[in-house]
Amino acid sequence: MTSNIYDFSTLTGQIHTWLSGLMSPGWVTFTEFVLVGLVFLLAYALLGLFLVYAERKVCAFMQNRVGPNRVGKWGIIQTIADLIKLLLKELIPIRKSDPFLFNLAPFIVIICSFLAMAAIPYAKGLQAIDFNIGVFYVMAVSSLSVVGILLAGWSSNSKYSLIGAMRSGAQIVSYELSVGLSLLSIIVFAGTMQLSGIVESQANGWWIFKGHIPAVISFIIFLIASTAEINRGPFDLAEAESELTAGFHTEYSGIKFAFFFLAEYMNMFIVSAIAATVFLGGWMPLHIGNWEGFNQIMDYIPSIIWFIGKTFFVIWVIMWFKWTFPRLRIDQLLTLEWKYLLPISLFNIILIAFIVLMGWHF
Amino acid sequence: MSEEIIKDVIIGENEEYIVNMGPQHPSTHGVLRLEVCLKGETVKYLIPHIGYIHRGIEKMTEALTYPQIIHLTDRMDYLSAHINNEAVCLVVEDAMQIEVPERVKYIRTILDELNRLASHQLWWSAFGMDLGALTTFFYGLRDREYILDIFEESFGSRLLHSFVMPGGLMHDIHPNFQKRTKEFITYFRKKLPEYDQLLTGNVIFHNRSKGIGYMSKETAIGYGVTGPSGRGSGFSCDIRKIAPYGAYDKVQFNEILETEGDTFARYQVRMREMWESLNIIEQLIDNIPEGDYTAKMKPIIKLPAGEYFRRVETARGELAVYVVSDGNKSPYRMRFRTPNFSNLFVMNEIAKGCKIADLIAISGSLDLVIPDIDR
Amino acid sequence: MNSIAKYLSELFKGVSTLWAGMRITGKYFFSPGAIVTQQYPENRKTLKMTDRFKGEVIMPHDENNQHACTGCGICEMNCPNGSIEIITDRVPNAEGKMERVIDKHIYHLSMCTFCGLCVKTCPSDALAFGQKFEHAVFDRNKLTKVLNQPGSKLRKEAK
Amino acid sequence: MLNREELKKIIGSLEPDATFSEGTQLLEVTVPAEKLYALAEKLKSDSRTTFDYMINHTAIDFVKNFTVVYHLESTEMRHLVVLKSILEDKDNAKVDSLSALYPAVEYFEREVFDLFGIQYNNHPYLKRFFMEDGAGFPLRKDYRDEVNIIER
Amino acid sequence: MESESLILFFIIAVILVGGAIIFATLIAPSSLNPVKSEPYECGIESEGPAWIQFNVGYYLFAIIYLVFDVETVFLFPWGVVMKAIGIRAFIEIIIFFFILGLGLLYAWKKRALKWV
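Chains as they are written, first to last, in the working numbering: chain A, 100 to 461; chain B, 84 to 458; chain C, 1254 to 1412; chain D, 93 to 244; chain E, 6 to 121.
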């Protein structure tokens, strides 16, 4: 089995013992809370900034460009410069808007992505909250962000925003189904909803390999549906640039806009992390059958690297989608879901159930 | 629930939603304002409002000499600047009955086609972007750069090159012109299939463009929709065939016609025209005759009194120049019948009942250049 | 059954066309050699404009600080935008006759549309196009230029 | 494609009041303003002429009168005709709108109204196009604008 | 950590957003004018209210979604125990899906899935 050299639980355990030696149990819990909070806050902000940078570079390379290259080496701190600029921008209140909902909306989208971040197993022993219904929880929380988008569009008293928000609503409620069903297919394989449990069940092979073709199909469906759920191209109808200028966040300026932007990228990270965890083995290294030497070498790569590598691969694929395809129209978007993805995923689950029943998976 | 019942259930059936698209909108390619009445997401009707960059070119011409007018026409359809210039030249040459040298005709025709290619490339880029395929923009512009470099080498300017003069050209083409044009043809022949793979074949693109914005042949003729937009409806309106000018009567080429009349047909016409333009250039580029680059002209050009009318095919359709001269060195009245002016107003007719997203696709497929409408 | 077959074939056809598009962008992603962007301010040294490039109108002076402009005013007349103004002077020449020379050949770059009519129609080829294209300034008045250098004279053709 | 003489004959039979100009580049037909619509309708529907495509419509201010000009083409037979009508009363210039025959002409007429101030009867939406209300009619020869037009 | 610690994440998120907005209001310039606070409509003053009743097409999908999503929620516990129960669970799910599929087919045939 996998080696334990990079087990983060030993590290966290050591910190816990060290803290316990210093103060009373109540304070220990408090300090740990603060520490975890700080770590996540930092990770969240840095990841968001990095993802924006990565997106700009990826699309630049796909379009025969260089991308940002002025601020810092290879433009690496470009996004930080952008963040400072956004912080310094005026926050414009919109006439006749609903100020309470208008200001609430960025909170909701950020809270949703933050809550989802909590349940993802980043590495062996590195997971903030290990729910026994982890998959379910992440799905539920991440789909809540539509409320934020709807509020943003509705409250800004702009016609473009409202159209964008309504589109986003119709889109997310539809694609939520396919996301759920495609994740369900792996739950049937793994027999658990706990994210760490799903990762453990892939110790001897990732589900996308073990699960035969149905797993591949549900992986593709998950990719498509989750791309739609996070409002990214080709499903970015909510902010369809050429039609609605900026869709639901047309009226937001400065840092409030930045939060919608950040939330979009963090949602992309979250769905990619879920895809990596559920289909691609999470932090489990790549093992091939009985190649002992190969498996040994793979084990020496730290689990967090595995996780990040897989996640970024999925992120890259999602970016690849965005920079290749034209945008769908709202009715085609719904047709795709209800007439293609949903029936296929229903059929796929029966297939998987049959495979599991016959014990054909490894 | 049958379809009728669902219709009854529709709340807000009478709710009309007036949305202004433009003048500051990413998809109108300039300062065009479309007042769109929506029901849900369906367009009920739309009213185009123009005039945001009306510069009164027709009035200005009344105070300028003919060579000076030529460089004004650049600013109408700036994407087919050379063809616009040529239109005025042809009128002047017609009126003064000047026979321009063969070499000039050949070069003008090559430049026409290069300009058409550059224009279609930019249209392809922008059309892809209208539909949300953002990468097309960069590929199209990347390839357009080749043509612009050729232009820059010969004329010294990239977009608005007042290269033609009544009776000929400003100066001879650059010695590298033929070589670089041939290089471009081989290069672009390789890139065009990529365009097809990226956008033309794409299933999302098909769904977004097929059957959208249907324009019948009668509508096209009635509204005077010419150029690739009209030919997408089967309206045979290619001036290069009807009234050949330049060296068009010396080359073999087909008038591209599609009969479907939808956005995809208009798209296909332009894509096929790019191939056809490459063919035309290829036929001419090696056969440019030697000779003078301009005919003998008097220093001051005065048209004999009378009325002159000449049509050329720009990248967007039929540009007609109508000159009323009273024998002076500037025209008494000059009228430009620009293609986009007619092409725009068919939009209300063909966009009724489609979605907002389709409206963008339709306006993209008509390939509007706003300064050409406003003049 | 037929409709199911159609459904499936449509599905596969759709996916394959999507894949064709992704191949193109993927190919360019992995070929950084295809990058066409010019690094403009950095490549100023190597950036070479073509010799016909219409950057601005200049009046070439030779090593003796002489130009060819006779001050005939044809360029001023031909300019569609009125961006050329010529101020002439009358000075006696060697033989004692009054002769027209330019005092100032004023060129408003801000109004110029680079149509090339002045250069084309100049009977003595006194004007030319320069290659400089970085004209941005903060003060519009700086765009009004005097083309003849101070102290310059009309070049006398060798007879 | 009919040649000039044939067209002349047909148009002469359709509209006896029509006069033809000599020595012009294209065939020019001048009709009184009130007969314009009837002639255009006949030209469009007559199977010998089938002028179904309106290329261009504009007006010219010949100081003493306005002349409205229509360039018509037949997409089947590819012959061209120039239809003209002279409006003597410059202050109250009126002509019938052809927009019922050619949808495109509606917008050309709006432009002419905008720039010349010629009124069109039965026009569906005669509003100014480029200019604001009260800006005058710039393409008239007597139009003066001290600010924007520099006399040369 | 316990699941109660979710409240921690909630608080962090609120602090992040709230703190940044407060910080931005402190340092960002403010030069409001009535035109600036107009809702965006491409530079034209907007006509009529933006808050209107919206097309039923959206609600119809919401209803269908509700039906299916509730069913999907039932499927998750089944997925967990599927391996353990075996053939009985499989047959049950086929019956379940048959009904679900019928529902979808019904909506499909009745064109409820058609965007109006």
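No lab work stands behind these hints, which were simulated from the structure alone.
Among the hints, a few may not be true.
Claimed, not checked - Below 27 Å or equal to it, Euclidean Cα-Cα: the simulated DSSO-like pairs (lysine-lysine) are:
#, chain 1, residue 1, chain 2, residue 2
1, B, K293, C, K1259
2, B, K274, B, K300
3, E, K88, B, K122
4, D, K100, B, K333
5, D, K156, D, K101
6, B, K293, E, K88
7, B, K142, D, K100
8, D, K233, B, K324
9, C, K1259, B, K262
10, B, K142, D, K233
Treat the numbers as computed from the prediction; the structure is a model and nothing was measured.
Hint check:
1. As the CA atoms of B:K293 and C:K1259 are separated by approximately 18 Å, the hinted pair is consistent with the 27 Å bound.
2. Proposed proximity of B:K274 and B:K300 is contradicted: the alpha carbons are some 32 Å apart, above 27 Å.
3. Of the pairs offered as hints, the one joining E:K88 and B:K122 is violated, with about 50 Å between alpha carbons and a cut-off of 27 Å exceeded.
4. Of the supplied pair hints, the one linking D:K100 and B:K333 is violated, its CA atoms being roughly 32 Å apart against a limit of 27 Å.
5. This hinted pair does not check out: D:K156 and D:K101 have alpha carbons roughly 30 Å apart, beyond 27 Å.
6. Using a Cα cut-off of 27 Å, the hinted pair B:K293 and E:K88 is violated, with the two alpha carbons roughly 47 Å apart.
7. Restraint check for B:K142 and D:K100: not satisfied, since their Cα atoms lie roughly 33 Å apart, outside the 27 Å limit.
8. About 37 Å separates the Cα atoms of D:K233 and B:K324, which puts this hinted pair outside 27 Å; it is violated.
9. In summary, the hint linking C:K1259 to B:K262 is not supported, as the alpha carbons are separated by about 50 Å, beyond the 27 Å threshold.
10. Restraint check for B:K142 and D:K233: satisfied, since their Cα atoms lie roughly 9 Å apart, inside the 27 Å limit.
Violation of the numbered hints given earlier is confined to hints 2, 3, 4, 5, 6, 7, 8, 9; the remaining hints are satisfied by the structure.
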